[in-house]
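Asks: Sequence:
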Amino acid sequence: HPLDGMGVVVPAIEGSPLLACSFSSRKYAHRAPEGKVLLRAFVGGARRPELVEKDAGELRRLVLEHVGKLLQIEGDPCYCDVARWPGTMPQYHVGHKELVARIEARVGALPNLQLAGNAYHGVGIPDCIHGGEQAAEGVFGG
Numbered sequence: 002h003p004l005d006g007m008g009v010v011v012p013a014i015e016g017s018p019l020l021a022c023s024f025s026s027r028k029y030a031h032r033a034p035e036g037k038v039l040l041r042a043f044v045g046g047a048r049r050p051e052l053v054e055k056d057a058g059e060l061r062r063l064v065l066e067h068v069g070k071l072l073q074i075e076g077d078p079c080y081c082d083v084a085r086w087p088g089t090m091p092q093y094h095v096g097h098k099e100l101v102a103r104i105e106a107r108v109g110a111l112p113n114l115q116l117a118g119n120a121y122h123g124v125g126i127p128d129c130i131h132g133g134e135q136a137a138e139g140v141f142g143g
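Be aware that the sequence shown starts at 2, since it is given in our numbering, and climbs by one per residue.
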């Protein structure tokens, strides 16, 4: 399987416990030996929060089944590990933008106070870097 691209995101409409699968060794070749690939699968999240409580064996089986179907992979992996990060990804709710706007309006009245982080304008690393740069410009004047 060529694994063209950097990974896949699985839309909720699919009904899969799989949220996404990152092709880590396509992004960073040194992460897998020659002829092998390293995949990182993400399950649970706000769609299926109960999955964080499943035992490691059940999570492995679930992930291998769904990643196998999605990517048409057969056979067992050379290595499989389960890591859990419960509650680490903010889940924005309806009205989030308006709430952030109200918070920023109040903070704007306080000199040299800025807010940054994944709770405001995006959960990804690039979003956080951008927010940190904007906060620094707000404090130090660019």
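Everything labelled a hint here was simulated from the structure, so no lab data went into it.
From the three backbone atoms N, C-alpha and C, an ideal C-beta is built for every residue, glycine too.
Please note that the accuracy of each hint is not assured.
Cβ pair distances, simulated, as ranges [stated by the list, open to error]:
id : residue 1 : residue 2 : range
1  : E54       : F141      : 40 to 48 Å
2  : W86       : R32       : 14 to 22 Å
3  : H31       : W86       : 20 to 28 Å
4  : V95       : I74       : 31 to 39 Å
Once the Cα atoms are required to be at most 30 Å apart in a straight line, the calculated DSSO-like pairs of lysine-lysine come out as [claimed, not checked]:
id : residue 1 : residue 2
5  : K37       : K70
6  : K70       : K98
7  : K70       : K55
Asks: Does 20 to 28 Å hold as the CB distance between H31 and W86, or does it fail?
Replies: At 23 Å between Cβs, range holds.
Asks: Falls inside 31 to 39 Å, the C-beta gap from V95 to I74?
Replies: holds, 37 Å
Asks: Checking one constraint from the list: CA of K37 to CA of K70, max 30 Å. Satisfied?
Replies: Holds - the C-alpha atoms of K70 and K37 are around 19 Å apart, at most 30 Å.
Asks: Please test the hint of 14 to 22 Å on the beta carbon pair from W86 and R32.
Replies: The hinted range 14 to 22 Å holds for W86 and R32, with Cβ atoms some 19 Å apart.
Asks: Given the hint that K70 pairs with K98, test it: the Cα-Cα distance must not exceed 30 Å.
Replies: Cα-Cα ~37 Å, so violated.
Asks: Measuring from beta carbon to beta carbon, are E54 and F141 in 40 to 48 Å?
Replies: holds, 45 Å
Asks: Take a quick look at whether K70 and K55 sit within 30 Å of each other, Cα to Cα.
Replies: holds, 21 Å
Violated hints amount to a single one, hint 6; each of the other numbered hints is respected by the structure.
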